[in-house]
Structure formats: C-alpha cells, structure tokens
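K.L.:
Now for the letters of each chain:
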Amino acid sequence: MSILIEKLSKDYGGAPVLSSISTSIAQGEFVAVLGASGCGKSTLLNIVAGLEPPTAGAVTVPAGGAAFMFQDAALLPWLTARANIELALQLRGVPRAQRKDQAQQLLELVHLGDAGSKRPHELSGGMRQRASLARALGQDKPVLLMDEPFAALDAITRDLLHEELERIWLAQRRTVLFVTHNVREAVRLGQRVLLLSSRPGRLAAQWDIDPLVRTDPAAQAALTQEITQALREEIRHHAH
Amino acid sequence: MPTSPTLSGAPRTQSQAPETDTLRELEAGLDSLQDAPVATRINAGRILLPVGTVLGLLSLWQLAAWFGSPREDLFPGPLQVLGTAGELAADGRLGEAVGTSLQRGVLGFLLALAIGTPLGLLLAGVPTLRRGIGPLISGLQVLPSVAWVPAAIIWFGLTDATVYFVVLMGATPSIINGLLSGVDTVPPQYRRLGTVLGASRLQGLLRIVLPAALPGYLAGLKQGWAFSWRSLMAAEIIAVGGSIGFGLGSLLQQGRDLSQMAMVVSAILAILIVGIAIELLVFSPLERRLLRRRGLAAGASR
Ligand SMILES: Nc1ncnc2c1ncn2[C@@H]1O[C@H](COP(=O)(O)OP(=O)(O)O)[C@@H](O)[C@H]1O
Ligand SMILES: [Mg+2]
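Listed in order, the protein sequences are those of chains Z and H. Take the first sequence: its letter number 90 is residue 90 in full-length UniProt numbering, and every next letter is one higher. Take the second sequence: its letter number 36 is residue 36 in full-length UniProt numbering, and every next letter is one higher.
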C-alpha cells in the first residue's frame, strides 16, 4: 500500500468541496483522477501533498512524502533549467559535489541534455514541463503527484510527453497520482481511472484499465467513450 | 517504497532503445523549432530620440532668450549658462559641489540601504510587526523629508550628520516599502513549490522568496535613490555654513544670494544631469539585466 485515503472531506467554510472520499493506491500503481473543472481535483492532490489540511478524514502517504508537478511548470524564472533541478536536489540534501552530475542525468532522462543552461522563458511549453518532470523526479520521492501537468500543451507535444512519462514510469515504478480533466489522457496513462463527481467531489466510479486496451485502438476508443459518457452524466446533474 | 528509485534506475535498457530513440528524435525536432534566433540589435531610436528632444528644447530655449527676453540676467540662454558653468568648473566650485553632493548622496543611500533592507525583511517575515509599523512607514514615505531639516539642525547643528539624517529619513521608507511590495507580489505558486521541495523557512526565504522579490526591491531602491537625492538638495539649500561642505544645493543657494540666474540654472542642470546619469549608468542596466534574465525584457517603449 502506498497511499491510503480514508473518508476524506474538505470545505473552505462553505459548501463541501470534497465529500468522504476513500480509496487506496498500491505501491507502483498509476492512478488517474478524472473530473470536470472545479470538482476538487487540485484540492484532493494538495491535501495528499500536505499543502492543505483535510477538514475530516485522513490521508496516509509513505514516509518519504510526495513529489509534486504543477500544471504550469512552476520553474523559477531566474534560474536555468539545470539550476532549477539542482535546487530541488539541494533542498533534498544532495551534497554539492553530486548535484551537477545528477541534474545532468535527470535532464538527459527527459531528453533535455543540451538545454540545461537555458532559462525557463527560452524553453517551449513542452520542454518546460519536461524540466519540471525532471525536477519532480529529482525529489526522489516514492510518490509522484501530478496536477494536470500536460493540460496547457498542444496535442502533439502532449502525446510525446505521455510516451515520455510512461517510459519513465515503467523504468522507475513510482506510485503516480495523475489528475486530469481529459478522458483520453486518463485512459492512455492510468492503470486505474477514478471519476470524481462535482460539488461535492465524491468518488463516482472507477475503472481498471486492462493493459491490452492500450494496444487495441478499438477497445481504447470504446472505453474512452464509456468513461466520457459517465463524466457527462455527472456534469448533467448540475444542469438545474 | 518503490525499489530505491535512484536516478541510475532510469531507462536505456536494450529492449526500449529503438522506441526511445524515435521519441528522442521527435522531441529534438520539436525543441529545435523552439530555438528562434533572438535579435539583439542596438536600437538607434533609443539614443537618437532623447538626444534630439534635448537638442530641440535647448534650441527653443536659446531662441526664447535671444528674441523673447528683455533681461538677460533674469532669463539667461543656454549659451550664457554654459559660459557660467565653464567658469564655475574652471575655478573648481562646480567640481567640488558635484563631488561633495554625489559622495553624500551615495553614502547616504548606502546607509539607507543597509538599514532599510534588514528592516524590510523583518517586517516581511513578522506579520504582527508589519501590521503595527507598516502604516507608519508608508506615512513617512509621503512626508517630505525637508520637514526633518529644522529638527536635524537642532539635534546635530550644521554638520554632515544633519545632511545624512535627512537623506536617511527620505530614502529608507521607500526601500522598505519596495522590498515589502516585492515580497507581497511573489506568486503563491513559488511558495508552494518551496514547501513541496522541502525548503525550511529560511531556505524558502533565501532561495525562493527573496530572488522572486528582487524586481520590486530594485524598484524600491530606485525610488529610494531619487528620494535620497531630493532630500539631499533640500538639506543642502537650507543648511549652509558650519562644518557642512559645499554641495550642489549650496551652489544653488549661493547663486540665489548673488542674484546670479545663470549660476542657479547651472546648479539646477548639474543636479538634473547627476540624477539622469545615475539612472542611466546604475539602475537602468541593473533593471534591464534582471528583467531580461527572467524573460521579462522591457518592452519597446523603454
Ligand atoms: N483556497 C480556496 N478557498 C476557497 N475555495 C477554494 C479554494 N481552493 C479551491 N476552492 C474551491 O474548491 C473547488 C475545487 O477547486 P479545485 O480543486 O481547484 O478544482 P479542480 O482542480 O478540479 O479544477 C472550486 O469550486 C474552488 O472554487
Ligand atoms: Mg485544478
């Protein structure tokens, strides 16, 4: 067991945002959390990350804690890509002598080996997210939390980053909790898809994704269709 | 725990190699499309336009002095002012005045910097303190620092301490407020990033909050310098004599005492030119470098 969420509820003083969410995520599992905008996905992730306290319920994460990847890359603009990664290494306690090499390894891992000396504004959106991914991997935590990390990218770049993320996940087998509002993305990446309802955010449904579905476009399309239907159903509840 | 996720646990197993290579190539293709050459031409208009404007204004001034003014002693033209300035420079008074004022201005400003920065940090870090003292600091920023001159003369007499005190009271509030507004405008995302990366309070402050606040701080310094320079002139005009040296404000006052308009205008121009020079030689390059490094390069209008 890697992450355990028990009867988690959250409100900001008004109507509940999250209501009694319970699930457990196995070590090394890739779970996609799917939901409409504003349903509380980021809130859920922030609570798991320890950035916000839950109103009720409990979240257990492994002792090492969790790495986090933001929707906008959140690279510090005054540092080069390499220095951004080195900062994460430094704050983790990696000795100075090893930081440079490790940062370079991480950059190469996301195929940014030659772009290390560039500043964030000199990188494309996709390159920024890869640098951000490298930094999150550099935190070297057993759990990786990702909040719509590819939502702002164009379709081609996003496809590439899906491959990239999958490749790294297959190699390192960290536990990943990946938040998205994109059904195709959830099906493409997740071993399991959790569907959150809106207002309050509850666990509405979940699907285990058979690995065979990924290699079978027809099956993938059918499942995507099914989940999209369920998501629309959730949204339609709020029409009146 | 995943099996000790070391970095070397990373990819490049033989079986994956071909697929990884294609991915790498695709990404390299996309990445290289991003590398647009950045034009770094020196924009001639940036220099020619202000210089032309100044020359135009000087010509108008000269024409007005020649044809519009009945009394040259009350409305000297630029040529006459230039002559007077030349005389003042030749007998050493202009050089002494500029040197004295500049030294005081810079020293006073550095003093204000050394006091304002830690105070600003303290206020930024301790909200209760800020709630208590913050409004007072903003109030001081509005108070014209000339108001301190009489008090300073009573306390310190006609000494350099009077001048430095007035400069300090003029510049410090701006520096503190600049730092505070810089810290206030740090995107919350950066602080969250600090938390996520496991930064301690001090690490978060030093490695994330302060660098992020640098543009606001620099703006505060710029304003602080302007206030230093203004306060200094006010103090020098009012406090003359004693052991106080001969600065640009003193020169201005001397011109008034002698009813020499050309001398007064020379002093005014010298004060203006020093102010512009500091802006162009110190603050502008700092600011431009800071913004460019962050991809916030100043727009075409600057
Ligand atoms: N700090 C906050 N204070 C008050 N309300 C908030 C706060 N953060 C989020 N919310 C509310 O909680 C709901 C869920 O937000 P969020 O988790 O960001 O949704 P999502 O990430 O799914 O788009 C929204 O209605 C939002 O307005
Ligand atoms: Mg969100």
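Everything labelled a hint here was simulated from the structure, so no lab data went into it. Do not rely on the hints blindly, as some may be mistaken.
[Stated by the list, open to error] Now the in silico label distances, taken between C-beta atoms and shown as ranges:
{"#": "1", "chain 1": "H", "residue 1": "26", "chain 2": "Z", "residue 2": "53", "range": "24 to 32 Å"}
{"#": "2", "chain 1": "H", "residue 1": "191", "chain 2": "Z", "residue 2": "6", "range": "46 to 54 Å"}
{"#": "3", "chain 1": "H", "residue 1": "29", "chain 2": "Z", "residue 2": "55", "range": "44 to 52 Å"}
{"#": "4", "chain 1": "H", "residue 1": "201", "chain 2": "Z", "residue 2": "12", "range": "20 to 28 Å"}
Positions of the beta carbon are idealized from the N, C-alpha and C atoms, including for glycine.
K.L.:
Work down the list of hints and note, for each, if the structure agrees.
P.N.:
Each hint tested on the structure:
1. H:26 - Z:53: 24 to 32 Å: Distance hint for residue 26 (chain H), residue 53 (chain Z) is violated at roughly 43 Å.
2. H:191 - Z:6: 46 to 54 Å: violated (28 Å)
3. H:29 - Z:55: 44 to 52 Å: Distance hint for residue 29 (chain H), residue 55 (chain Z) holds at roughly 48 Å.
4. H:201 - Z:12: 20 to 28 Å: Holds, at about 25 Å.
When held up to the earlier numbered hints, the structure conflicts with 1 and 2 and fits the remainder.
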